[in-house]
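Student: Okay, here's what each chain looks like letter by letter:
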Amino acid sequence: MSANSLTKAEFELAGNAVSIRHFTRRFGETTILRNLNLDIAPGEFVALLGHSGSGKSTLLRALAGLDTVEEGQIDRPSAVSVVFQEHRLLPWKNVTDNVTLGFDGKEWNAQAEAILHEVGLGHRLDAWPLTLSGGEAQRAALARALIREPKLLMLDEPFAALDALTRLRMQKLVLDLWKRHDCAVLLVTHDVDEALALADRALVLERGEIRTEVEIPLARPRRHADPAFEALRERLLHALGVTS
Amino acid sequence: MVELVMNLFPARTASHQRSLSTGGLLRFCRRYLSVALLLVLWQAGAQAGLIPSRLLASPVQIVHTAWSLTLDRTLPQNLLVSLGRAGAGLVLGIAVGVALALVAGLSRVGEDIVDAPMQMARTLPALALVPLFILWFGIGELPKILLVALGVKFPVYLNLYKGIRSIDPKLIELAKTLGLSRWKIIRDIIIPGALPDLLVGIRFAVGISWLMLVVAEQVNADSGIGHMMMDAEDFLRTDIILVGLAVYAVLGLLSDQIVRLAEGRLLTWRGRTAVQGGTR
Numbered sequence: 001m002s003a004n005s006l007t008k009a010e011f012e013l014a015g016n017a018v019s020i021r022h023f024t025r026r027f028g029e030t031t032i033l034r035n036l037n038l039d040i041a042p043g044e045f046v047a048l049l050g051h052s053g054s055g056k057s058t059l060l061r062a063l064a065g066l067d068t069v070e071e072g073q074i075d076r077p078s079a080v081s082v083v084f085q086e087h088r089l090l091p092w093k094n095v096t097d098n099v100t101l102g103f104d105g106k107e108w109n110a111q112a113e114a115i116l117h118e119v120g121l122g123h124r125l126d127a128w129p130l131t132l133s134g135g136e137a138q139r140a141a142l143a144r145a146l147i148r149e150p151k152l153l154m155l156d157e158p159f160a161a162l163d164a165l166t167r168l169r170m171q172k173l174v175l176d177l178w179k180r181h182d183c184a185v186l187l188v189t190h191d192v193d194e195a196l197a198l199a200d201r202a203l204v205l206e207r208g209e210i211r212t213e214v215e216i217p218l219a220r221p222r223r224h225a226d227p228a229f230e231a232l233r234e235r236l237l238h239a240l241g242v243t244s
Numbered sequence: 001m002v003e004l005v006m007n008l009f010p011a012r013t014a015s016h017q018r019s020l021s022t023g024g025l026l027r028f029c030r031r032y033l034s035v036a037l038l039l040v041l042w043q044a045g046a047q048a049g050l051i052p053s054r055l056l057a058s059p060v061q062i063v064h065t066a067w068s069l070t071l072d073r074t075l076p077q078n079l080l081v082s083l084g085r086a087g088a089g090l091v092l093g094i095a096v097g098v099a100l101a102l103v104a105g106l107s108r109v110g111e112d113i114v115d116a117p118m119q120m121a122r123t124l125p126a127l128a129l130v131p132l133f134i135l136w137f138g139i140g141e142l143p144k145i146l147l148v149a150l151g152v153k154f155p156v157y158l159n160l161y162k163g164i165r166s167i168d169p170k171l172i173e174l175a176k177t178l179g180l181s182r183w184k185i186i187r188d189i190i191i192p193g194a195l196p197d198l199l200v201g202i203r204f205a206v207g208i209s210w211l212m213l214v215v216a217e218q219v220n221a222d223s224g225i226g227h228m229m230m231d232a233e234d235f236l237r238t239d240i241i242l243v244g245l246a247v248y249a250v251l252g253l254l255s256d257q258i259v260r261l262a263e264g265r266l267l268t269w270r271g272r273t274a275v276q277g278g279t280r
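So the sequences go chain by chain: Z and F.
For the first sequence, position 198 matches number 198 in full-length UniProt numbering, and the numbering has no gaps at all.
For the second sequence, position 200 matches number 200 in full-length UniProt numbering, and the numbering has no gaps at all.
Check each hint, because a few of them may be wrong.
What the hints assert, rightly or not - Reference excerpt, derived from the structure (chain F facing chain Z, CB under 7 Å, subset only):
no. : residue
1   : SER166
2   : LYS170
3   : LEU178
4   : LEU180
5   : PRO192
6   : LEU266
7   : TRP269
8   : GLY271
No lab work stands behind these hints: they were computed from the structure.
The beta carbon of each residue, even a glycine, is placed where N, CA and C say it ideally should be.
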């Protein structure tokens, strides 16, 4: 999106935030991901769609560094943050301490406060996570991801457990944060409309391979009633095997 | 357990909840009414000569004896000795139990080495070791403190170990994506996550420490509440024995309340969720 000064890692990625080459992941006899290639540009918003068991989570875990890469190559920035479907806040730390988790020192508190204000949680700085609503908890999880200034932000079905209205509000929040923080985003989702509302590009993962790749060149904010939106929606649904 | 009882007696549970809503005071009175009635009957029986004071002193006699034992400093001195032993044994037992649970909970090798012998040893009745402890450690303070520590370490170990092992692996996974070091994972996730179970273990431990002390002090001691009671037996002073029993009861109740208070302070993040049961 913008010309940041290139760090060494990014230089090695040849201008990409993420570069995956010939990545294969097997569990015993089963191949989950097969010879996968994927580039994500700095600041690009990519949505990854697919059925359960298509290998989305495996890809995400590999990108997050939670899984070893044995076949193929994955280059990713060192600053990677993940927001999971469950907020995964530590119940015994208040919201601020959850955001600064891993950073010792008082100076981080001001940083955390600023980011919590940014995600709209400025009024719950000292709250216990068990007292937060689903949307508030995900906002805190977003703040925890962003305080690390990630070059790649991964969102693993982050709004799947939220009610429809909260989900819409969170989608708008993610768009705002993405513009401001200027990081590449990989959004894993089940929801075609969510992918179309947010992403620059949508990928459909099927049986371990990227079968469909759709550019979404629409200006934001996007409207569902837009005929172009509708056409893209048909294509993605078709790729997912849903025919109307 | 509580749910089980409630399921078995649905009607009773309903009436129980109704009485709670009509007012705590009424329920408080009712709870202690039967106790008070029992005391009155006991006293009346003693005064009417139905209960021989040689076998069972009357409540008034007990209160009177407690007061005179306090005045001649027998009770406070022995109480202090008993408290010292229970405290020392408790501290030692908790330290050993926590250390073993950390070793077993944090590494697979540690689990293999520590857990099997602990699971075996915990089924041994600790009190059966009293003769062995006298042989090994004599009849001084050491065997008494060690006996308390021995009993205390099992509930601490079992509950903390269970607590460490039942921490949500998703939180550990999250910590790894945040790049937390192993030490920070232990400090920020494992220890606070297992703290509720540790406190449950300590509550059991406190109860067991008094149990072990009673036996240790009655077998070989020249001081302590247990010794005071054994002494009284020689002179058929049932009033002193009953004072000792009352002291044990009050101590047990008080120490349990202290641990509950600590739970409330340390686990504010849980809000008002009830304290769950643990492994003894």
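Student: Failing hints, ascending?
Tutor: 1 and 6
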